[in-house]
Amino acid sequence: MHPTRTLGLALATLALCLSGLLHAQDGGQIHGNFSTDGQLYNDDEQIGAVKPPADFGLNSWMNLNYRTGNFEAGARFESYEPALLGYPAGAAYNGTGVGYRYATFRKDGLEVTAGNFYEQFGQGLAFRTYEERALGVDNAMDGLRVKFNPDTGIYLKGIIGTQRFAFDNGTTKGAGIVRGLDGEISLAEAFPRLFPKLAAKGNSLIVGGSFVSKFQPDQDPFLELPENVGIWAGRANYVSAKWNLYSEYAYKINDPNGSNGNIYKPGQALMANATYSVRGLGISAGAHIFDNMVFQSDRGAPTLFDLNINYLPTLAKQHTYNLPATLYPYATQPNGEVAYQGEVFYKFKRGSKLGGKYGTKISANWSGAWSLDTTRLANDTIHLQGYSTNFFSMGDRQYFSDFNVELRKKLSANWELALTYLNLVYDIETVQGKAGKPVIYADMFILEGLHVISDKTSLRFELQHLATKQDHGNWATALAELTFSPHWFVAAMDQYNYGGSVETELIHYPIGTFGYIRGGSRFSFSYGRQRAGIFCVGGVCRVVPAANGLTASITTTF
Amino acid sequence: MRYLLPSLLLIGTLAGCDIISEPKGNVGPNNGGGGGDGVTRNVLLEDCTGHLCNNCPDAAIRAQELKDIYGDRLVVVAVHMVNSFAQPQAPDFTTDFRTPAGTDYENTFQIDALPTGLVSRKSFNNSTLVSRYTWSTAVASLIDQDADVDLQIDSLNFDANSNSVSGTIRAIVFNPAAGPENLTIYLTEDHIIDWQVDQTATPPEVPDYEHRHVLRGALNGSWGEAFLSAADQVGDTVEISFSYPLPSNVLNPANCSLVAYVYNTTGASQYEVQQVTERKLVP
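Going line by line, the protein sequences match chains S and R. Heads up, the first sequence is in the working numbering, so the first residue is 65 and it goes up one at a time. Heads up, the second sequence is in the working numbering, so the first residue is 2 and it goes up one at a time.
Treat the hints with care, since some could be wrong.
Stated by the list, open to error - Computed list of lysine to aspartate or glutamate pairs in EDC-like fashion (alpha-carbon distance at most 20 Å, straight line):
hint: 1; chain 1: S; residue 1: K115; chain 2: R; residue 2: E107
hint: 2; chain 1: R; residue 1: K123; chain 2: S; residue 2: D444
hint: 3; chain 1: R; residue 1: K25; chain 2: S; residue 2: E291
hint: 4; chain 1: R; residue 1: K25; chain 2: R; residue 2: D73
hint: 5; chain 1: R; residue 1: K25; chain 2: S; residue 2: E288
hint: 6; chain 1: R; residue 1: K123; chain 2: S; residue 2: E470
hint: 7; chain 1: S; residue 1: K501; chain 2: R; residue 2: E206
hint: 8; chain 1: S; residue 1: K498; chain 2: R; residue 2: D93
hint: 9; chain 1: R; residue 1: K25; chain 2: S; residue 2: D444
Honestly, the hints are just simulated from the structure, not real lab data. Source: prediction; values computed, not measured.
In isolation and in its complexed conformation, chain S is listed as follows:
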């Protein structure tokens, strides 16, 4: 059937279903949201921007959800006509169609979902499906999910289905079948007599376990590949008023795949996080070790962005300022990494010597990641184990470290300033796959200010500077954003690569934006240059091309 007719039929069916339900039951609600991002491209020889054949790209999404009583159903319509340059991260998205649809009912502690769903077990070391729309990552399940709460404090989940792979006038799905079970018990709730102190203090100790397995036929002429590959995980979480302690361990049974060079070595992952917080003070520390933990529902998935069954979080601060967020961001190395992170936040009270009239906030964060301590196995022709791991040791190679301090101070009723310093060590050869490039050592200073001009008008600005003797050398960024509440805003930004001690072409990347906000709707338009870059995961790289042109964006909720 022609895709357009298929879409039309699907739309008509959904509309009929929803209208029928609306008439059939009282109290039902439809809610949803819509967003679209479009870009009209120009050629720009200086930054290497090439206009695509269609001159423009347009990504659009609309979610429609209907809920009445115990029943819920919904769908997401997606359109890529064509997709924006460099989007998505993994396999291509083309055309218009239904990207997500589901129906759910809940009754007597039982919840059943048919169709698409996002779900995760624990922190996701064994299983997590999610959508990261900005990056173009969506590994939604299409199948069946059952959740059951058989008794107080006991939670069970079961899932089965296939995963979203790409989009061609509708979702295309991966080759493998994913099935999993998860159970979680809140001990103080389920066994109050066995844990009277926990229950009395309102603290909780939650333990959980899961098992996930994928099935994919073996057609390899050389190797006997495991058609069923399993991973199990266990976790514990202690929560009190001041403490939150979490740990999770996962073990993956032989999973030869494209990213590990078809070795049969088991995978392991261990993560632990601890946070302590009281009024005005927060301390957190985390560590993780990942070894051979890529787990995809197609062992030959084209990239590490596609068909991931599990999720391996990054232990690094997710910066929001332009330079640290977009030039040298760190990404987890799923096949081998030891990482640590620590953070302290303190607020000097109002009226104190350092707090002044409005108080002062200071935070310090450090994170670092290293290779695993591994030894390649000689004469590994029988068992194909690849290498051995000294699991709790880090190797010689440092992938990344980020030390940053932020001081945030409200100076007066009209002024607030934040000063940030970052020191970065970045192994661009490992993280971005740029062979032969030296490790980058960079220092960054960022000044952010907010000036409230009147009740309705405020100015926010950022001045950023990055200094390094490697890669493209020094960068400077200036941003100013004027907001006329409640409807209008206008912003201008320029990134300037001036090299410094590194000889480079001096290039400005100016971009201007204005926008209008009304209720739940936001319209924005930008015109200018966007820098080229490469995003890499595990040695496979995606080129994000440079662009010059007009960008328009609309988001709304209803």
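Based on these hints, arrange chain R on the given structure of chain S.
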């Protein structure tokens, strides 16, 4: 009820995974002998590569391993593409291996990450782009299939004086085509010694890397020319004569080969290569 969880996990663990201690214990490589008495499909493996792509030498090794097993039944072509991996870069990587055809394939098949490959341009698991780690599976799934058409480079003449190549290509129809099929003729060059980034080497910039099966050009255009149609009946023979100058980037004609393939131009399996053959320019 409280014992339900561990019971379910135990059942799942027992049922959900295969543990393999000797991966090569029960299988052996296909020796390339074909799957039946009739003509079987040859396979075209287009290794999408670039001289600045540090994982691409690993892909080339895997392609060559397959070539060593399947011999003439597998045709490997290294297609350099994606500017950030394939454009010249001074002072060492000054050779431009890119071709207009490679750029067309990069755009049509939306290739922006290397290494990757096209295995007879057939979709595997919903993707035309095939990871180098699954080339062996993809090739094995096609190569024993009965062919709908046999393809032969019937005669081939290289004229060193005019630096041109001419000959005839013949197809014998075993099953009528579902739709129109085009014929594309590649000229490839083997054993080119030049720079390549290789992450397994120290330093990774290798000055004397041997580039294998490099696409030098599509002689009759990126998408070839009309050749077969649904009107061709079982047993029909279709012939076409050709004569082309060698592409100017060829270094040594003695290392060159002609690759001819027919592919679907329409339908759900558009671009899928039905048959491919290769012949050395200078025997």
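### Message
Tell me if the straight-line CA distance from K123 (chain R) to E470 (chain S) falls inside 20 Å.
### Response
Distance of about 53 Å is beyond 20 Å: violated.
### Query
Given the hinted pair K123 (chain R) and D444 (chain S), is their alpha-carbon gap at most 20 Å?
33 Å, violated
### Task
Would you mind confirming whether the straight-line C-alpha gap from K25 (chain R) to E291 (chain S) stays at or under 20 Å?
15 Å, holds
### Task
Would you mind confirming whether the straight-line C-alpha gap from K498 (chain S) to D93 (chain R) stays at or under 20 Å?
16 Å, holds
### Task
Please work out if K25 (chain R) and D444 (chain S) have their alpha carbons no farther apart than 20 Å.
Satisfied, since the Cα-Cα distance of roughly 12 Å is no more than 20 Å.
### Message
For K25 (chain R) and E288 (chain S), compute the direct alpha-carbon distance and say whether it is at most 20 Å.
### Response
6 Å, holds
### Message
What's the verdict on K501 (chain S) and E206 (chain R), does the C-alpha distance respect the 20 Å limit or exceed it?
### Response
11 Å, holds
### Query
Going straight from one Cα to the other, do K115 (chain S) and E107 (chain R) come out at no more than 20 Å?
Distance ~15 Å between K115 (chain S) and E107 (chain R) Cα, so the pair holds.
#### Entry: 20 Å limit on alpha-carbon distance, applied to hinted pair K25 (chain R) and D73 (chain R)
25 Å, violated
Hint compliance for this structure: hints 2, 4 and 6 are not met, and every other hint is.
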